[in-house]
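Engineer: Each chain is listed here by its residues.
There are 2 protein chains.
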Amino acid sequence: MTDYRIFNETDALNYARQEVEFFAADADLVSNEFGDGNLNLVFKVVDQKSGRSLILKQALPYARCVGESWPLSTDRARIEAEVLMLHEKICPQHTVHIVKFDRDLSLIVMEDLSDHLIWRSALIQRKELPLAGQHIGTYLAKTLFFTSDYYLDPQQKKAKVAQFINPELCLITEDLFFTDPYRQHERNNYNPLLESEVQKIQSDPHLQAKVALLKYKFLNQAQALLHGDVHSGSVFVNESSTKVIDAEFGFYGPIAFDVGSVIGNLLLNYAGQPGLSETHVAQVYRQYLLDQIRQIWFTFAAEFARLMAAETTDVAFQVAEYQQLALQQIFVDAIGYAGTELIRRTIGLAHVADLDNIESTEQRAECELGALKLGQALIKNASELDDIEAVIQCIEKLAAS
Amino acid sequence: MTDYRIFNETDALNYARQEVEFFAADADLVSNEFGDGNLNLVFKVVDQKSGRSLILKQALPYARCVGESWPLSTDRARIEAEVLMLHEKICPQHTVHIVKFDRDLSLIVMEDLSDHLIWRSALIQRKELPLAGQHIGTYLAKTLFFTSDYYLDPQQKKAKVAQFINPELCLITEDLFFTDPYRQHERNNYNPLLESEVQKIQSDPHLQAKVALLKYKFLNQAQALLHGDVHSGSVFVNESSTKVIDAEFGFYGPIAFDVGSVIGNLLLNYAGQPGLSETHVAQVYRQYLLDQIRQIWFTFAAEFARLMAAETTDVAFQVAEYQQLALQQIFVDAIGYAGTELIRRTIGLAHVADLDNIESTEQRAECELGALKLGQALIKNASELDDIEAVIQCIEKLAAS
Chain U
1 MTDYRIFNET
11 DALNYARQEV
21 EFFAADADLV
31 SNEFGDGNLN
41 LVFKVVDQKS
51 GRSLILKQAL
61 PYARCVGESW
71 PLSTDRARIE
81 AEVLMLHEKI
91 CPQHTVHIVK
101 FDRDLSLIVM
111 EDLSDHLIWR
121 SALIQRKELP
131 LAGQHIGTYL
141 AKTLFFTSDY
151 YLDPQQKKAK
161 VAQFINPELC
171 LITEDLFFTD
181 PYRQHERNNY
191 NPLLESEVQK
201 IQSDPHLQAK
211 VALLKYKFLN
221 QAQALLHGDV
231 HSGSVFVNES
241 STKVIDAEFG
251 FYGPIAFDVG
261 SVIGNLLLNY
271 AGQPGLSETH
281 VAQVYRQYLL
291 DQIRQIWFTF
301 AAEFARLMAA
311 ETTDVAFQVA
321 EYQQLALQQI
331 FVDAIGYAGT
341 ELIRRTIGLA
351 HVADLDNIES
361 TEQRAECELG
371 ALKLGQALIK
381 NASELDDIEA
391 VIQCIEKLAA
401 S
Chain E
1 MTDYRIFNET
11 DALNYARQEV
21 EFFAADADLV
31 SNEFGDGNLN
41 LVFKVVDQKS
51 GRSLILKQAL
61 PYARCVGESW
71 PLSTDRARIE
81 AEVLMLHEKI
91 CPQHTVHIVK
101 FDRDLSLIVM
111 EDLSDHLIWR
121 SALIQRKELP
131 LAGQHIGTYL
141 AKTLFFTSDY
151 YLDPQQKKAK
161 VAQFINPELC
171 LITEDLFFTD
181 PYRQHERNNY
191 NPLLESEVQK
201 IQSDPHLQAK
211 VALLKYKFLN
221 QAQALLHGDV
231 HSGSVFVNES
241 STKVIDAEFG
251 FYGPIAFDVG
261 SVIGNLLLNY
271 AGQPGLSETH
281 VAQVYRQYLL
291 DQIRQIWFTF
301 AAEFARLMAA
311 ETTDVAFQVA
321 EYQQLALQQI
331 FVDAIGYAGT
341 ELIRRTIGLA
351 HVADLDNIES
361 TEQRAECELG
371 ALKLGQALIK
381 NASELDDIEA
391 VIQCIEKLAA
401 S
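First to last, the sequence lines map onto chains U and E.
If you're matching positions, the first sequence starts at 1 in full-length UniProt numbering and goes up one per residue.
If you're matching positions, the second sequence starts at 1 in full-length UniProt numbering and goes up one per residue.
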């Protein structure tokens with residue numbers, strides 16, 4: 001870490017010119033920092049002659065959103081780069097391309113995806129991208145299968161578990177997803193109109209027990225190399241392409257967590273739609289969202305099942321009846337995790353624009369209440385919901401009530 | 001590892017005299033090697049003047065039972081020493097005392113437990129030790145609780161997961177417990193009279209699926225620092241004392257595995273008793289064994305529940321309803337793991353004297369068949385057996401049939 005220094009725009013420009021084989025020798029480079037995330041600097045360096053561009057992302061030794069009083073190891077840049085490079089090897093079509101990782105500078109150089117849009121923005125704008133759900137289902141199935149014990153030999157797999165131990169970032173999830181929202185905590189942040197529902201959640205031991213089961217699995221099930229933070233702000237989309245970025249939360253965890261995070265984020269948008277648009281427009285887009293959720297699950301399940309049947313190396317896991325049970329367990333837990341995402345984004349520290357963009361406090365409260373009720377229903381009933389159609393019925397029933 | 005050399009009896013004696021602060025300067029030492037295990041040399045060094053003694057255990061760079069063609073890392077001695085030292089810190093009353101660990105020599109110096117008997121021998125001799133079950137239940141509850149996420153902070157716990165990654169030894173369990181017995185494999189070794197039952201087991205996809213679920217948990221649930229091999233040959237006992245040894249299989253795994261291993265070993269003895277003694281003697285001792293199984297579970301469950309209620313550091317896991325669910329899940333999986341121990345010790349590579357000591361092939365086959373039927377019943381019905389009394393009813397019903 002002796003060579004670490006915090007970059008400014010000129011540093012980023014010079015680095016892109018001198019240390020990366022990408023731009024032409026006579027490139028006319030400009031650099032600007034545009035990071036809006038919580039933990040990092042993000043620079044875009046463009047050659048004004050050719051229009052070609054690169055992204056440089058640098059981890060800061062503290063959480064940007066809080067400041068130097070919240071130190072965070074820059075090792076997360078190493079984790080992010082290694083997760084993305086491994087995921088890219090497995091699923092290049094849906095993982096951002098990493099051009100270079102500089103460990104001394106905690107700096108990742110990657111392709112610029114300016115011809116894409118952040119998925120969350122696309123959802124808020126009610127864009128009906130036809131392929132995003134299928135693409136993300138494929139990404140999940142491939143990256144999770146090929147990093148699991150179904151495919152890797154146990155020695156390789158255990159070495160990767162050690163390589164990707166990520167306590168600092170995992171702790172953020174452990175606290176913000178599973179702990180804070182279910183009790184009074186200074187980090188919580190919610191619309192005052194939700195007070196009575198929040199109190200109900202925070203005094204429901206049955207709900208808390210179910211959430212604790214999910215938290216315990218998050219802490220203990222080292223099943224596959226997760227992205228760890230596949231919310232709709234970590235995915236770039238356009239009509240034909242879907243690319244996952246931002247894997248600093250990556251670690252060996254429960255397969256269902258990544259799957260549930262994606263579904264949970266579409267449901268946050270679902271919850272927000274009545275506050276973001278006219279009633280009938282919202283209803284139409286909600287159908288699109290439910291269809292995308294179907295696509296995510298069906299694509300994930302079909303591809304994961306196909307891979308289990310065709311590529312499982314361990315003879316003990318080649319039993320068809322086992323594979324069905326394993327996939328069903330992923331489904332049940334994914335629905336539970338989706339529920340926790342709905343609740344933590346409404347009550348907890350980190351919110352989403354799908355709800356926060358709703359201007360009227362009352363209207364926002366109504367949508368947020370929908371998110372909270374749906375979250376609770378999914379967490380409590382996950383093991384009774386047989387399949388994705390049952391989940392969708394549950395969603396629609398709650399939305400109509 | 002440059003200083004590693006394989007010890008002979010003189011090396012052990014000289015080492016005990018010069019490198020360990022234990023014997024008096026004028027001690028009259030004798031040394032002999034008596035290891036009957038599969039992987040190590042074991043020396044006993046005695047001072048003939050005082051009668052005081054020490055055990056020196058050295059890991060060989062190959063599996064002793066097979067020879068140099070099966071290389072094994074001597075890092076397992078480091079793992080064994082570190083597991084035992086940590087377990088001793090948590091539960092000194094039931095863990096062998098480690099005097100010294102020499103990493104260069106892969107050598108563990110420990111207290112001599114010659115005033116104890118190996119538990120398996122005591123069981124074969126039908127000794128009714130009153131406290132062994134309670135002691136081992138206490139050992140399991142304490143060592144597993146205090147190394148888990150219930151007690152450790154997540155950062156410490158994740159560091160320990162990495163410290164105890166133990167792929168070579170885990171692979172032995174993964175293969176021998178969960179894979180080989182359920183399909184034809186050259187490592188399998190069983191009484192020819194069991195052929196039809198073995199074929200039944202090896203063509204039962206429902207059983208194989210349940211076993212695969214247990215194997216997947218063994219590979220993926222990094223819940224606590226297991227001993228990893230708590231069979232009745234890894235426990236020293238006498239009327240008043242119980243001491244666990246031999247932790248080279250230690251790793252972060254499912255809590256239920258250690259609990260199930262112990263129960264499975266008492267059930268192997270239960271299965272063997274009719275071949276080891278007269279019918280009425282066997283019946284009396286079987287009642288003792290069932291009572292010990294009750295003691296193990298009740299002591300473990302009561303102590304683990306007490307610790308969860310009193311010492312759980314993570315507020316998310318302090319919910320009483322969660323703690324009940326978590327303990328019930330440990331119970332269900334422990335019964336499943338006990339079932340796999342019964343089957344692998346009868347069909348697989350490594351047998352136990354509780355069955356192998358039965359001289360008549362026919363009588364042995366009858367007892368082994370009992371072990372196989374019980375093993376299958378436990379694996380298949382674990383989730384329907386509500387409590388330990390239901391398990392005991394299931395055992396007795398099968399024994400009577």
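Keep in mind that a hint or two might mislead.
In the DMTMM-like style, the derived pairs of lysine to aspartate or glutamate whose C-alpha atoms are separated by at most 25 Å in a straight line are [unchecked claim]:
#1 E:Lys200 <-> U:Glu21
#2 E:Lys89 <-> E:Glu384
#3 E:Lys160 <-> U:Glu174
#4 U:Lys127 <-> U:Glu111
#5 U:Lys217 <-> E:Glu21
#6 E:Lys217 <-> E:Glu321
#7 E:Lys217 <-> U:Glu111
#8 U:Lys217 <-> E:Glu321
#9 E:Lys100 <-> E:Glu197
#10 U:Lys380 <-> E:Glu111
#11 E:Lys217 <-> U:Glu321
What the hints contain is simulated information worked out from the structure, not anything from laboratory work.
Engineer: Check the structure against each numbered hint from earlier and tell me which ones fail, lowest number first.
Structural biologist: The structure conflicts with hints 1, 2, 5, 7, 9 and 10, although it agrees with all the remaining ones.
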